[in-house]
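Enquirer: As a plain string of letters, each chain reads:
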Amino acid sequence: MVMSQRNSRFRMGQVLTVLTLGTAVTLTGCGGGTVSPNQANGGSGSSQTPITIHVFVGKDTAQPQAQVQLYHKLTKEFEQSNPGITVRWSTYASASEENTTLQTSLATKQGPDIFELGSTIVPTASATNGFHVLTTQDWLALGGRSKFFPAQLTMSGPSSSQDIGVPEYMLPFDLVYNKKLFTQAGIQSPPTTWTEFVQDAQKMTDPAKHQWGTVMDPSDPYDPWHIGWVLTKQLGGDFLSSDAKTATLNSQASVQALTFWFDWLTQFHIVSPNSLTYKSADELHAFESGRIGMLVMQGPTLMPSLNTSPVKNDYAFAPMPTIPYGMTSLPAGGVPVETFVSGQYLCIPNYVTGQTLQATLKWLKFVTQVPQQQAFFQAYGYMPANLNAYNNYAPLDTPTMKSFVTAEKNAYPTPFSGAWGNLEVIYGGVASKVANEIATNSYNAANIGKYLKTANAQVQASLQ
Amino acid sequence: MASKWAAELGCLRPLVTSIEVGGVTVAVVPARERPEVGGSTIGLTQSGGRRRMASRPPFWMMVPAVLLLLMIVVTPFLLSIYTSFIKLDQYTIANWTRAPWVGLENYVTAFSQGNALGASALQSVWVSVTFSLATTLIITPVGIVAALLVNKPFRGRGAVRAMFLIPYVLPVFVNAIMWRLLFMNGWGLVDQMLANLHLASLNTFWLIGPKSFWAMVIADVWASWPFIYLMVLAGLQGISEELYESAWLDGATHWRSFFSITLPMLRPILGLALLLSTLNHFNNFTLPFVMFGTPPAPQADVLPLNVYITSFQTFNFGLGAAMSLLTLIIMMVPAFFYIRMLRLGEATS
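If you read the sequences in order, they're chains A and B. In short: position in the first sequence from 1, add 1464, done, that's my numbering. In short: position in the second sequence from 1, add 347, done, that's my numbering.
FYI, nobody ran anything at the bench for these hints, they're computed from the structure. Among the clues, some could well be false.
[Unchecked claim] To be clear about the criterion: a stretch of chain A counts as covered by chain B if any three or more of its residues have a C-beta under 8 Å from a C-beta of chain B, and this derived list gives those stretches:
1) 1575 to 1585
2) 1590 to 1598
3) 1839 to 1848
4) 1883 to 1897
Every residue gets a Cβ at the ideal spot worked out from N, C-alpha and C, and that includes glycine.
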């Protein structure tokens, strides 16, 4: 009996030891013990050590095949000119996927070696302190900061000494309009003030024909802040204070801006009530049906889709109106914002070190050179962030492209805050709530201020 | 049956008992009746210690499973508990082991009202509970009726049974996209039909506002009733036809047979089906996520969706973890009954 108990204890001890060790091994495996490709390649290996870099880019959902072909060509060219370096690439199809991969990679310190991040997520990425800060030498290796559009560099980092993102391409926003509907309504030129915008939209609106002056998408998670921020800036406000320490979502300008956007439906009746449930894709689909006069805050990436739609011969781009509704000039503090600085940036997580880091910098230099930048434009309409790509290049020397370049030169950066990502989502929540009220006939314009006040407190809590 | 006959005949002590498994009779020999070979019971050795070793289940064989459970379930669970007590956000995620400890702050925030983004956690709990209960209550009679319809043989029964499974085998996101299109305002089929029948305005919003809850319920009912149907159909196969014949001879109507024979006999499997169904609906993330996107209407902001938005869109993992643990506590209530039911089943068998 005693023997049996001893045996039992012994065996239990063995089991516990195995479990403990097993767990320790498992946990180590989950944590920093795992050797990621970058770690394996990093460090002080010889220059002959083969290196594989993983590039994580946004998926071009409009032309995925063109993207595959282009990346195949680019990686082949790069690998030929950089023996020993292999490039693997993968894509994310949504902002959610982009966020999730970013978060898991930073937490586990393994993942892609290069992230392609949107301009408004770069501040959040910077706030994590999980990305490589580009040194002067790095910039020189990339060909210098001067080769990029100056406005694009404002979103590379909180200051020029703390840059984490290299501009890859830019996406300035314009207004796109239906020339055919403009002609039918007797409108000579696109609006330059929001008063003209509303008047023009009213001329084109004919609910009996399901034809509307414009369209909106308050159910989209990200689009509402685009128009909301531009209108707020024109009215002299902002979503954050200049030092990005205080949330100002509940300012008079901000409330006025969001109210004006919903006035399109409730006061001016220039958008279909169906718009209340629209997301970005629904909005575009509505415009492509040929029954929408104007679509605001749209970039050049829209063009491939428009070119295969019923309005392929009827659309044109124009700068966004800059004078607030009911005014003939900008109010005190108002700025003529046509677009915010928008585009894609290439960022290197700081778990990438040694030779892998040098290899990633080579890739960054490669894709920001003129031929590659022009190839991006040719393949799927991404506007080069490299200034020199516009020299003597006919496809970028068109009235539409010039309109976008002008918009880019007048682009304003959004506040560089780590809480900007939260702000975007929270602002989308406010727009969604207002849309809910309108849909259920319980809308009260005064509630917009109330919702923005709550949102402001939530954003303030997420500021560092 | 064999043992019963033997006992009744009085010729033999019932050495052998039998059970029926899937129509096959399996003989079970009680341990004390095992035949002996060479003076010792088969499978046991002369030594007392070894005999005990042999009779003890080989627990060590569970080690791989336990290790996997530790890795897949226990470790993330403990990490979730830890995360719910720290301030884990975009500022600390790259160095999350050093994130500041905030105690119960995340739990307090989860319970507080005034969320600008969709619904508060409390509101989401309510949405999820009502959604799972409403869906389960609707699909139960639908599933039972469908199972009864195809239980009796008829020409083409196989095809009908296969058709009934179509909603269940469709991927959830396909179902969600389909219902999103059907419920689109103005031009969606649902609004068009309601307007043509003069039952509602063409501008009846289903994807935002209070009706979004019912849109979600309808879509989920369409997709999930075959689950109850399958479970009930399986249960019906175990009810002996003799019971119905006896009841018929005694003059029982179909209704009486259904309520006095079918339902009582189905009770165990139906109870299990209802529990599993409630748990599945409570955890449904894909349907509302694809159907409404983010942000959803507060009336359709189910808890899993709220946790996702909080954690992955606003980078507030601490709060997201606290909300997840609250979900776990809520889910433990039906889980408790489920486990109790299983134990009850074991005891009965």
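Enquirer: Taking the hints in turn, state whether each one holds.
Expert: So, going through the hints one by one against the coordinates:
1. Judged by the Cβ-Cβ criterion of 8 Å, the segment 1575 to 1585 of chain A is not covered by chain B as claimed, because only 0 of its residues qualify and three are needed.
2. With 4 residues having a beta carbon nearer than 8 Å to a beta carbon of chain B, the segment 1590 to 1598 of chain A meets the requirement of three or more and the stated coverage holds.
3. Judged by the Cβ-Cβ criterion of 8 Å, the segment 1839 to 1848 of chain A is not covered by chain B as claimed, because only 0 of its residues qualify and three are needed.
4. Counting residues of the segment 1883 to 1897 of chain A whose C-beta sits closer than 8 Å to any C-beta of chain B gives 10, which meets the bar of three, so the coverage hint holds.
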